[in-house]
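Build the complex from these two chains, which are given one at a time in their own frames, with help from the hints.
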Amino acid sequence: MEMLGAYGGLLFRVLLCVSILFFLLISLLLLFNRNYGKNVIARFINAANGEAVDISSWEVSLGRAKTCDIVLNNPTVSRFHAVVVRRGKGWMIFDTNSKTGITVNGKKIDKKAFIYDGDIISMGTSVLSFRSPLFKRADKKENPPAYRDIPADRRVVAAAKRSSGSAISALVNMADRSLVLLFSEEYIIGRASDCDIVLPVMTVSKHQSRLVKEGSVWRLSDMNSRGGTQLNGLDVIGSVPLRGGDVICAGGIYFKFIENYMSE
Amino acid sequence: MAENVKKKRNSVYASDQKKRTAKKSTKKQKNYIPPDLELKKGKVREKIGKWFVLMVFLTLLEAAMDLSALNGIAEEQLPTVLLLLGGYLAAQWVYYIVAGLMLRRRMELEMAGFLLSNISLVITASVYPDRLTTQLVAVIGGILVFAFLVWFMGNVNRVTVSRMPIGLAAVGLLALTLVLAEYNNGAKNWLYLGSFSIQPSEIVKVAFVFVGAATLDKIQNTRSIAKYVVFAMVCVGLLFLMLDFGTALIFFATFLIIAFLRSGDIKTIVLICTAALMGGVFIILYKPYVANRFATYRHIWDYIDAGGMQQTRTIIYSLSGGLFGVGLGNGKLRNIFAATEDLVFGVVCEELGMITAIAILLAYVLFLIYAIRSAKYARSSFYAIAACSAAGMLLFQAILNVFGVMDILPFTGVTLPFISRGGSSMLCSWGLLAFLKSVDIRTYPKVMRELYQQKERI
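Protein chains in written order, with the working numbering: chain E, 1 to 264; chain H, 1 to 458.
For reference, chain H alone in the conformation it holds in the complex (with noise of 0.2 Å):
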């Protein structure tokens, strides 16, 4: 009799167990789908409301900007411009319908790189007009890299069996680019294809970045880091004999970032800087015309009118701007040589302003907090690494560019991401942006969807 009334409290406690975590997985059910996410269809979906708004406020913001562009431009090219800028605007707008209404995808990293290739294009169309259709082609090209990396990521098979023929083609592309390059401002790494040309290391850095973040199982084998080191190696010795030391030192710091998330090692770091230090002195002391590259150096104000004529113009003037700027058109930056490509962080600080300046320099810090940030939530350890180093590549090329043209580091005539005029530049940055898209499980609806399916039911 006892045992049966067990058996019975027994029964009476497990029904109640039963209904107690039904309720409490129907709760969790509702609870885990993030407020800014719908299931509808069984499908996990963005909403799309705040892009909207978001999407409204930064025509108006680009619009305002092209409409203070066109002050000081002859009344012949007006019609020509407006109508680019105004393709621009439709470019973005036939963007945000696609990935942001019909695909649903989040437009936050987009939406930063609309507004920076518009200063760029604000900048262009100011100070040369008629270059401003080169420069148009380039960043809605850089967009369309850009969408097409974002998608070719999707698939972590597709991008392991692409990475080796990826490196060698880069490899390939820098070898072709000695032998067919002539010296052009000292360097040798512009490649002119009929009428128009191409800086095949500005591409190469999308796949150094490609080449070098790998899956777990690859870095966990020795052979592979092996493989990278050689293919490192050989990028920077052949940037080195284009003479192009810029590109070779963005190249070399990337490296260090690569191998230190790869090793998780920081002595392999010291080691590695110390055979570069060496091989730099090396370098110096038995070929003086590297050395005479940097010959203006900190010494900038003794040659203001020879070698330091372009960093102290850039001093001088980028202090005229103030705070808020003098407006576009109104800057004396401009005339100098180079003004919109190595010059153009003085172009934008004498004309936009200190405060664009800054926001500027904010959104390339902001990237890579995000790629560090939402490394641990990556899919594989090659979005994490390969976010981490995009991000850090397009910080340091910021650094050396604006810290170059302030002579606190060697001048060394690298671009300004997203805002110097330049299409292998803006295609290189817009390619590097896809790696930090990527990163994020977001992005790929069919992954957060299993995400969920998998929750319901562990």
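Bound-form chain E, shown alone (with noise of 0.2 Å):
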């Protein structure tokens, strides 16, 4: 330091100094320079109106609250319903303490179950299909490639009709335009966790309204709630046949009848 004087002394602590502040801006600043975009590495496509949601994060959740990444703005969904994780060996979904519960092609699941592409992922009413093209399901049985050109909802029912030989009805949530099939013959509505479609809702009673196939007709009968069951804005005393179009009101939850959902 001695050999360098009292202005060569100044001149090196300047350049010192100046270049600590140089380095430590440059090494951090080279953090920030960040030109990925966005990377699409999943998709979910909602079944009811054919909408598909990207996913571009390795997690996400899904719910009713407006918190959540995907929102499903249902009532039979939960606030907090599931969360979809991509980890070691494929996707998984969890089940964060949601009311109704999740089913993966048509199982019902218990915390977590692995999700493959192609796989049709129901949330109360609403119904979801995954697409990941690098997982795929390894037994091909449960994912026939012959209906892989058909929409993921479709491609359930016509599996539905071929096995029972015969229509399959649906019901359209109205909100929402979410959708449930009707794939057996007896479906009770209300808001107990026992019931087939569940409306967490306190304006529907927790035994609501039972829907009935007899023969190739539905027939829908109030089960004493308090709010009554309407069917196209009259009050359903004893049971009434189901036609095409009819419009059910369960508790303030409107839903739209359609006979033959393959047709339409």
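Hint data in this document are derived by calculation from the structure and do not stem from the laboratory. Careful, some of the hints might be misleading.
[What the hints assert, rightly or not] Which stretches of chain E does chain H cover? Using the computed rule of at least three CB atoms under 8 Å from a CB of chain H, they are:
| id | stretch |
| --- | --- |
| 1 | 20–27 |
| 2 | 92–98 |
[Unchecked claim] Pulled from the structure, derived: some chain E residues nowhere near chain H, Cβ distances all over 12 Å:
| id | residue |
| --- | --- |
| 3 | L4 |
| 4 | E59 |
| 5 | G101 |
| 6 | G245 |
[Stated by the list, open to error] Derived CB-CB ranges, DEER-like:
| id | chain 1 | residue 1 | chain 2 | residue 2 | range |
| --- | --- | --- | --- | --- | --- |
| 7 | E | R226 | H | I266 | 33 to 41 Å |
| 8 | E | G215 | H | I266 | 54 to 62 Å |
| 9 | E | G90 | H | L144 | 29 to 37 Å |
| 10 | H | V56 | E | R79 | 53 to 61 Å |
| 11 | H | T80 | E | F32 | 54 to 62 Å |
| 12 | E | G245 | H | N155 | 52 to 60 Å |
| 13 | H | I266 | E | G90 | 32 to 40 Å |
| 14 | E | Y7 | H | I48 | 38 to 46 Å |
| 15 | E | R137 | H | R449 | 19 to 27 Å |
Even for Gly, the Cβ is constructed at its ideal location relative to N, Cα and C.
Take a look at the structure:
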């Protein structure tokens, strides 16, 4: 230091200070140099309206709450219903204490399950088809390639129609156009968790109304609910046959009845 | 006939469309490899040019600092000091060759950490040349901890599985310290293991962030947050019993950040703060010796040569340094007790200049801005929360240290991350830096590769 002299020493210190500042700034500002854009790594397709939701992060929350990444505006979906994450060997879905549970390809899951390309996930009455081309199911039986080109929800219907040999009716929630396909013979609508169509809304009674298939006709009856069940604006007394296009109101939630889903 | 024509036209149109989309996709493929990456043998890799240039610049800068640190060191200690500082330069190059050249990783955070650690090393070399070996071992240990943690956090499953055992180990370590430690400078926070001593609260800081951050499925589960609240309360409570208020305050601030990030609710934070304030008032009312620790706060000039000596000297001498400092070895603050630990900010101001001091503080601020900015690109909410809370912890600790010695906040005797002398503190600083490194998916080439593969097909 002594050999630099007074001015040399000052110059050295100035250079040292400025280059420490310069180096720290350069190395840390390089961190912000991120020109990667958004990468779509998976996709959800809403079966009710065919709308596609792109997923560009490794963790996505689904639910009715506005803070969720994918908001499902449907009273049968819990506020924080599920989380879909990309882990190790593929994608996983976690049930986060939801009221109505999650089914993957028609099977109810317990807390968590792996999901693959083309899987159909239903939460309450909303049905989503999952797409992520890198992760395919190992056994082809569950994911028949012949149905690859038809939309996900129709594929289920087609499979069911083949097995039952008759038309499949459906209920469409008129608030968000979500869909309930009527596969079995009897459906109970209500707030209680043992109902087939669970509507966790306080205006709906625990057991609100009942849909029964007699021959090829669906009949609607009220189950002594508080608010009653209305068909096309009139209270239902006894059991009433349903026709395509009928509007059912169960405790303030409106459904449109579709007699033959495949033909519409 | 008309039908036929229509069909033909359709088919022509379709094939044309196909060609067009094909062209588009190839164009996209070329475009979406960012300019600082290259695709070789199906692998996305970092280009190495700019890191080499920066590394050479860093080495020259550090060599200049090392030479200026030799001013005033006794003749017989010169060879060992030169050897140790040269060894640090060599260690950096070894890290660069392994991580930057062989594994093709980005180096910006490490380089900032290298430079900050070097400032700590030259100050140690200049003030306590005989303690340089310990400090060098601490810095190299810190870099190893950093590398290990970055590797460890590469796998999300490994992280989720290990959170519980790490939390239990952290609480156990703090409890052990409370039982075994003896009072040292008014706090009971040192554990002596034979010839060397550690400060467990510094190591628990890393665990505190690690346990606090959680994946999204855990966040949506209410039971998980209850567990974390219990863990945080136990940690802060144990630190209070050790009378280590500075560290307890850092833990509490980090807890607030984590609680906010996990709940997204500012009302909860207000409630927590109110509860903590009431608790603090009760402690001061019923345990007067706690208040006595802060008797000189805002009155340092009344006790110039007693309780306020460290702070008054720091303020006076750091001003005498000016913008560019008086040069290493020419300062006066170095003769005060704890000059290289609690008062190190004053030493930097005096000997290396205000510009260096501001550059160091700017680094902490940039860490936090970077953590917040990169949170939305993170692989999991674990990384986002961990990075934001780790950067928040570093910045809060720096604020507590700098404003503490300036008498703006109570003087709690916490260290300045990366700059203060002390092994545990250095290990903790590098450990927290690992959270910032792992939030970036560019750290993990496997993840990047998958991202690009997926984009090609969807």
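Hint by hint, here is what the structure shows:
1. As drawn, the stretch 20–27 of chain E meets chain H at 7 residues by the rule of a beta-carbon pair under 8 Å; at three or more, the given contact holds.
2. For a cut-off of 8 Å, the count of residues in the stretch 92–98 of chain E with a CB near a CB of chain H stands at 3, and the three-residue condition holds.
3. E:L4, annotated as away from the interface, has a beta carbon of chain H within 12 Å; the closest lies near 10 Å.
4. Chain H draws E:E59 into its interface by the beta-carbon criterion, the shortest separation being 4 Å against a cut-off of 12 Å.
5. With a least CB separation of 15 Å from chain H, E:G101 remains clear of the 12 Å interface cut-off, as annotated.
6. For E:G245, the non-interface assignment is confirmed: its Cβ lies about 35 Å from the closest Cβ of chain H, beyond the 12 Å cut-off.
7. For E:R226 paired with H:I266, a C-beta distance near 39 Å keeps the hint of 33 to 41 Å intact.
8. For E:G215 paired with H:I266, a C-beta distance near 59 Å keeps the hint of 54 to 62 Å intact.
9. Distance hint check: the CB atoms of E:G90 and H:L144 are about 33 Å apart, consistent with the given range 29 to 37 Å.
10. Checked against the hint of 53 to 61 Å, the pair H:V56 and E:R79 passes, with Cβ atoms roughly 55 Å apart.
11. Range check, H:T80 to E:F32: about 40 Å between beta-carbon atoms, so the 54 to 62 Å window is missed.
12. In this structure the hint that E:G245 and H:N155 lie 52 to 60 Å apart at CB holds, the actual value being about 54 Å.
13. For the pair H:I266 and E:G90, the beta carbons lie near 37 Å from each other, so the given range of 32 to 40 Å is met.
14. A hinted range of 38 to 46 Å holds for the C-beta pair E:Y7 and H:I48, which are about 39 Å apart.
15. Against the hinted window of 19 to 27 Å, the Cβ-Cβ separation of E:R137 and H:R449 comes to about 23 Å, which satisfies the hint.
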